[in-house]
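Student: Residues per chain, in single letters:
2 protein chains.
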Amino acid sequence: MTINRDRLRWNGWGLIAMEDHVSSRPEVWRWLESELAMPALTATPALKLEQINLPPPRLSAEALAALTAIVGSANVVTAKEDRAFHARGRSYADLLAMRSGAIEDAPDAIVYPRNSDDIAAILKLAGDSAIAVIPCGGATSVVGGMTPLRAPGQTALIALDMTRMNRLIAVDRQSMTATAEAGIYGPDLERALQAQGVTLGHYPQSFEFSTLGGWIAARGAGQQSNRYGKAEHWLVSARVITPAGAWATEEYPASAAGPRLTDLVAGSEGTLGVIADATFRVRPQPAHRDLRAYLFRSFAEGAEAVRTLAQSGIDIASMRLSDEEETRFYQTFGRIGEAPSFKRRIEAAYLRRHGLAEKRCALIVGTEGERDEAPRAADEARRIIRRLNGLYVGRKPAESWYAGRFHGPYLRDPLMDHGVGVDTLETATRWSNVENLHEKVRAALEGAMRANAPVPGARGIVMGHISHSYPDGASLYFTFIFPRRASDEMAQWQAIKKAASDAIAAHGGTISHHHGAGCDHAPWLAGEKGETGMAILRALKSTLDPKGIMNPGKLGV
Amino acid sequence: MTINRDRLRWNGWGLIAMEDHVSSRPEVWRWLESELAMPALTATPALKLEQINLPPPRLSAEALAALTAIVGSANVVTAKEDRAFHARGRSYADLLAMRSGAIEDAPDAIVYPRNSDDIAAILKLAGDSAIAVIPCGGATSVVGGMTPLRAPGQTALIALDMTRMNRLIAVDRQSMTATAEAGIYGPDLERALQAQGVTLGHYPQSFEFSTLGGWIAARGAGQQSNRYGKAEHWLVSARVITPAGAWATEEYPASAAGPRLTDLVAGSEGTLGVIADATFRVRPQPAHRDLRAYLFRSFAEGAEAVRTLAQSGIDIASMRLSDEEETRFYQTFGRIGEAPSFKRRIEAAYLRRHGLAEKRCALIVGTEGERDEAPRAADEARRIIRRLNGLYVGRKPAESWYAGRFHGPYLRDPLMDHGVGVDTLETATRWSNVENLHEKVRAALEGAMRANAPVPGARGIVMGHISHSYPDGASLYFTFIFPRRASDEMAQWQAIKKAASDAIAAHGGTISHHHGAGCDHAPWLAGEKGETGMAILRALKSTLDPKGIMNPGKLGV
Numbered sequence: 000m001t002i003n004r005d006r007l008r009w010n011g012w013g014l015i016a017m018e019d020h021v022s023s024r025p026e027v028w029r030w031l032e033s034e035l036a037m038p039a040l041t042a043t044p045a046l047k048l049e050q051i052n053l054p055p056p057r058l059s060a061e062a063l064a065a066l067t068a069i070v071g072s073a074n075v076v077t078a079k080e081d082r083a084f085h086a087r088g089r090s091y092a093d094l095l096a097m098r099s100g101a102i103e104d105a106p107d108a109i110v111y112p113r114n115s116d117d118i119a120a121i122l123k124l125a126g127d128s129a130i131a132v133i134p135c136g137g138a139t140s141v142v143g144g145m146t147p148l149r150a151p152g153q154t155a156l157i158a159l160d161m162t163r164m165n166r167l168i169a170v171d172r173q174s175m176t177a178t179a180e181a182g183i184y185g186p187d188l189e190r191a192l193q194a195q196g197v198t199l200g201h202y203p204q205s206f207e208f209s210t211l212g213g214w215i216a217a218r219g220a221g222q223q224s225n226r227y228g229k230a231e232h233w234l235v236s237a238r239v240i241t242p243a244g245a246w247a248t249e250e251y252p253a254s255a256a257g258p259r260l261t262d263l264v265a266g267s268e269g270t271l272g273v274i275a276d277a278t279f280r281v282r283p284q285p286a287h288r289d290l291r292a293y294l295f296r297s298f299a300e301g302a303e304a305v306r307t308l309a310q311s312g313i314d315i316a317s318m319r320l321s322d323e324e325e326t327r328f329y330q331t332f333g334r335i336g337e338a339p340s341f342k343r344r345i346e347a348a349y350l351r352r353h354g355l356a357e358k359r360c361a362l363i364v365g366t367e368g369e370r371d372e373a374p375r376a377a378d379e380a381r382r383i384i385r386r387l388n389g390l391y392v393g394r395k396p397a398e399s400w401y402a403g404r405f406h407g408p409y410l411r412d413p414l415m416d417h418g419v420g421v422d423t424l425e426t427a428t429r430w431s432n433v434e435n436l437h438e439k440v441r442a443a444l445e446g447a448m449r450a451n452a453p454v455p456g457a458r459g460i461v462m463g464h465i466s467h468s469y470p471d472g473a474s475l476y477f478t479f480i481f482p483r484r485a486s487d488e489m490a491q492w493q494a495i496k497k498a499a500s501d502a503i504a505a506h507g508g509t510i511s512h513h514h515g516a517g518c519d520h521a522p523w524l525a526g527e528k529g530e531t532g533m534a535i536l537r538a539l540k541s542t543l544d545p546k547g548i549m550n551p552g553k554l555g556v
Numbered sequence: 000m001t002i003n004r005d006r007l008r009w010n011g012w013g014l015i016a017m018e019d020h021v022s023s024r025p026e027v028w029r030w031l032e033s034e035l036a037m038p039a040l041t042a043t044p045a046l047k048l049e050q051i052n053l054p055p056p057r058l059s060a061e062a063l064a065a066l067t068a069i070v071g072s073a074n075v076v077t078a079k080e081d082r083a084f085h086a087r088g089r090s091y092a093d094l095l096a097m098r099s100g101a102i103e104d105a106p107d108a109i110v111y112p113r114n115s116d117d118i119a120a121i122l123k124l125a126g127d128s129a130i131a132v133i134p135c136g137g138a139t140s141v142v143g144g145m146t147p148l149r150a151p152g153q154t155a156l157i158a159l160d161m162t163r164m165n166r167l168i169a170v171d172r173q174s175m176t177a178t179a180e181a182g183i184y185g186p187d188l189e190r191a192l193q194a195q196g197v198t199l200g201h202y203p204q205s206f207e208f209s210t211l212g213g214w215i216a217a218r219g220a221g222q223q224s225n226r227y228g229k230a231e232h233w234l235v236s237a238r239v240i241t242p243a244g245a246w247a248t249e250e251y252p253a254s255a256a257g258p259r260l261t262d263l264v265a266g267s268e269g270t271l272g273v274i275a276d277a278t279f280r281v282r283p284q285p286a287h288r289d290l291r292a293y294l295f296r297s298f299a300e301g302a303e304a305v306r307t308l309a310q311s312g313i314d315i316a317s318m319r320l321s322d323e324e325e326t327r328f329y330q331t332f333g334r335i336g337e338a339p340s341f342k343r344r345i346e347a348a349y350l351r352r353h354g355l356a357e358k359r360c361a362l363i364v365g366t367e368g369e370r371d372e373a374p375r376a377a378d379e380a381r382r383i384i385r386r387l388n389g390l391y392v393g394r395k396p397a398e399s400w401y402a403g404r405f406h407g408p409y410l411r412d413p414l415m416d417h418g419v420g421v422d423t424l425e426t427a428t429r430w431s432n433v434e435n436l437h438e439k440v441r442a443a444l445e446g447a448m449r450a451n452a453p454v455p456g457a458r459g460i461v462m463g464h465i466s467h468s469y470p471d472g473a474s475l476y477f478t479f480i481f482p483r484r485a486s487d488e489m490a491q492w493q494a495i496k497k498a499a500s501d502a503i504a505a506h507g508g509t510i511s512h513h514h515g516a517g518c519d520h521a522p523w524l525a526g527e528k529g530e531t532g533m534a535i536l537r538a539l540k541s542t543l544d545p546k547g548i549m550n551p552g553k554l555g556v
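If you're matching them up, the sequences are chains A and B in order. Quick note: the first sequence uses numbering that gives the first Met the number 0, first residue 0, plus one each step. Quick note: the second sequence uses numbering that gives the first Met the number 0, first residue 0, plus one each step.
Isolated chain A (complex conformation):
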């Protein structure tokens, strides 16, 4: 089973059928105008597919015939809607391009391999014919990971869509590992695993529309990463088809036989080859989930609690600490148009009594387990949080976050229709630098949004949270909302993105914790990897992809 692409938005997020809860509510837009200090938000609708011209396909008839000979005609697609769907990932910059029709390039064809032999034959043909190959799963990259860039001399470019290689191959119940083809979508993978009583537990926000291979290629993280780990943590081994040959990485629980080369697959972003299948750790499907919410007086106090818990050894599945602005925004947003009520008055009094009237930060703690571990771990966590001045405020806020945990990206499309830009970025740093980096990135975003506002005095909103934590540090995730500057929207976004990325690089953060590098972060990669690190990445590239056909222009190589 796979997802019928006709049901998906080619230039936005997810299912076409998903209901839009905000466009028809003028009070939302009035409130946003006041938040953004904008006199009026102007409509900025997207062009329809019919209104858009894609560059004509440049694949030669010979190459098209050769591709068809490899995978069969059902697996080579050149229709406009497919080329448009695959023309970009789903970043803000991608959507700007797709919505306005400024799609500079698109794949000449989409090719669906059925197995590793198909992949090897396609790469052979591509190498011989100077065709660029962009491997993809769900095309949900938010960092320009599948922008169709042709290296000099490459006249054709294809998207290698892995979603028809989507079988669960094996589950090793004793070793608690499973092997699956890389193109399997999140829901299909979990359904197949859970039928055997196990789970990978990898639930990124893109879960419904992204694939196993994409998670690995971009070093993704799921919302329960405290328990299940990031992609590079649960990845046991991979089979990668490279232009230089098939590469089956080591498959041991641990080894000392030279460096672990499997680690080079995680984060390779299609630049070294195509992940055909992968073996990964699974755990018993948890029978119980426990979700609780807390409030803190400040981000610093909340971060101290998250740090303490991440270092405690308590088996926590997820922790999400929103900063003051994010806590305020979602609380206010959720109550737009609400009439004053007795319940709200009581709530307000309760918060006042606990010194939380003015500012507060929400923390959600999730635990999972087979039997009684989840509530037991949650109780342990609650004791520590209480000691660190966190106020327990019940399960409901946590459960409602959980219920809507995949819906966030859907808001972007109506916002973009109404003159409002929204993007996210994320980083990670050691605990001793978390507050500093949070402050610096937030300031950079605020400053850049003001400086690039469409009218003087208009401003943006910056919300931050910690959503992944480790004993030695944490990720910081930022959502920023700003009034679109219709005249030069791409320059506006680039200026804001650059300000934030520069701040991250200058203050000890990684340019990405789980989105990946893609094109968008390539300019900051060299600063992070260093000259020697970049020399290593180039050496890997020229060894595995000597003709440079694999996802050109990504990862800075």
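Since the hints were made in silico from the structure, they are not lab data. Hints should not be assumed to be uniformly reliable.
Claimed, not checked - For each label pair, taking beta carbons as the anchor points, the in silico distance ranges come out as:
1. A/14 / B/116: 54 to 62 Å
2. B/407 / A/442: 53 to 61 Å
3. A/369 / B/173: 52 to 60 Å
4. A/127 / B/486: 35 to 43 Å
5. B/286 / A/14: 31 to 39 Å
Stated by the list, open to error - Result set (DSS-like, lysine-lysine): computed pairs, CA atoms no more than 25 Å apart in a straight line:
6. B/358 / B/395
7. A/497 / A/439
8. A/395 / A/358
9. B/395 / B/123
10. A/540 / B/395
11. B/123 / B/546
12. A/342 / A/395
13. A/540 / B/546
14. B/540 / A/546
Backbone N, C-alpha and C define an ideal beta-carbon position, used for all residues, glycine too.
Mind docking chain B on chain A? Use the hints.
Tutor: Only chain B this time, still in chain A's reference frame:
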């Protein structure tokens, strides 16, 4: 502080002053003769340093002067005892060579860098003058990791001894990480860390004589690896001085900015550059340690318990499950010459009652914690073990293992003096293959020891244990004891080693779980990494060490 090398055996294990508890006990040798089915064990003493000729140093006067100009005369050593100490690591094959004087080559000089600048200058000189460089810490490799091999054209060879770069640089108490120079010995590192209330918790059997840099370079594992992880797990980042320049790897709790290149440092074995310093995770120094021993009726039952515990999420520090032969050997060995006693009769009756009279496997479980976690986790483990048919037999056997946990290697020297060879090797595999691999390696060792015995009918002893376990698999560690065949001892050892290594490779094991690859495992590395993997290793090598001066001949590159 560092270790005065004059106090160490140049051709054996550890401190010269360490008492020999077995040589003077004829009953031990009678027992071993019977175990090995040998009519008589013959004395095979080691040559003294005075009796041995080292090849004359081949370093030119100019190069020597240049090295001296870099590090100062106190840090360039050419004395015979130093050259002999650094001529090999401490594997069985190394000891055969050193004890018999068949040292084919030795470093021409030992150079002690004081800082990274020294290392860079030494590598520059070495590159310009075609000098091979063997980085080393404690010289305790047991896989030929520092065998002095000169590549064609290299006329000189130096050991780069890191043990004078031995400072703890910083502890980040909030992030629970520390940074230290790579040449710091285990005890010095732990003393400095524990003075600040934290621990790395990395206690390999070589702990007293090995260094931080060596642990990382060879991807070592400590005895409490369940809690603290292997080197590649606790390593956060490293600064490596390569011939191509300094390489500071990424230093984030997690990232998605391309592959994690830090992972290439762990396991690099000095072939890519010199680890100057490293940042690693630390944990609070545990206030309590809980050690308990259990017996199982079979290795299979014991392994099932270790698997269940490793997958349970219980915070266990160490688990060590001996197979039947190892359990029997140590129990019998410990009681050689003991008079029959009432206590032993009671013990025997107790074991009979529990069906453990004939065969049994010992399991030691260790837990550690700051407060009450250690006994609590130990109690949880005990409940699971009881359910899986393990019999609790008290703390004493576990505590006596713990007390002697660094002493094992000392036995090798007197055994080798008395005509007995002893070596160890280890591997790891997924849980569903642990019993199969255990059986196959054990059979290969037994067969090869019989086939290569000095007299017909003589045999060897094979003992196995699981000492490191993971949710998806475990390590298998083998100790094998055999009567030395004086005529061609190296061929005897090579035949045995090859049989075991072939069995490991044929049956899904890695050629090393924590000893490293070195020269000894190089022939099996290509099978494990594959053609593409080896191409990657070669590309890394030629990028970072284009002149091939770094530890030539190791890692198969």
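Student: If a hint holds in the structure, say so; if it does not, say that too.
Tutor: Consistency of the hints with the structure:
1. Between residue 14 of chain A and residue 116 of chain B the C-beta distance comes to about 59 Å, which sits within the given range of 54 to 62 Å.
2. The beta-carbon spacing between residue 407 of chain B and residue 442 of chain A, approximately 57 Å, falls within the hinted interval of 53 to 61 Å.
3. A hinted range of 52 to 60 Å for the beta carbons of residue 369 of chain A and residue 173 of chain B is inconsistent with their spacing of about 33 Å.
4. A hinted range of 35 to 43 Å for the beta carbons of residue 127 of chain A and residue 486 of chain B is inconsistent with their spacing of about 58 Å.
5. With their beta carbons about 54 Å apart, residue 286 of chain B and residue 14 of chain A fall outside the hinted range of 31 to 39 Å.
6. This hinted pair checks out: residue 358 of chain B and residue 395 of chain B have alpha carbons roughly 20 Å apart, not beyond 25 Å.
7. Simply put, residue 497 of chain A and residue 439 of chain A have alpha-carbon atoms about 13 Å apart, close enough for the 25 Å limit, and the pair holds.
8. Pair hint residue 395 of chain A plus residue 358 of chain A holds up; C-alpha atoms about 20 Å apart against a cutoff of 25 Å.
9. Taken as a hint, the residue 395 of chain B and residue 123 of chain B pair is broken in the structure, with Cα atoms around 55 Å apart against an allowance of 25 Å.
10. Distance restraint check for residue 540 of chain A and residue 395 of chain B: the Cα-Cα separation of roughly 55 Å exceeds the 25 Å cut-off, and the hinted pair is therefore not satisfied.
11. For a cut-off of 25 Å, the pair hint linking residue 123 of chain B to residue 546 of chain B stands: about 11 Å separates their Cα positions.
12. For the suggested pair residue 342 of chain A and residue 395 of chain A, the alpha carbons sit about 15 Å apart, so the restraint of at most 25 Å is met.
13. Pair hint residue 540 of chain A plus residue 546 of chain B holds up; C-alpha atoms about 21 Å apart against a cutoff of 25 Å.
14. Restraint check for residue 540 of chain B and residue 546 of chain A: the C-alpha separation of about 21 Å stays at or below 25 Å, so the hint holds.
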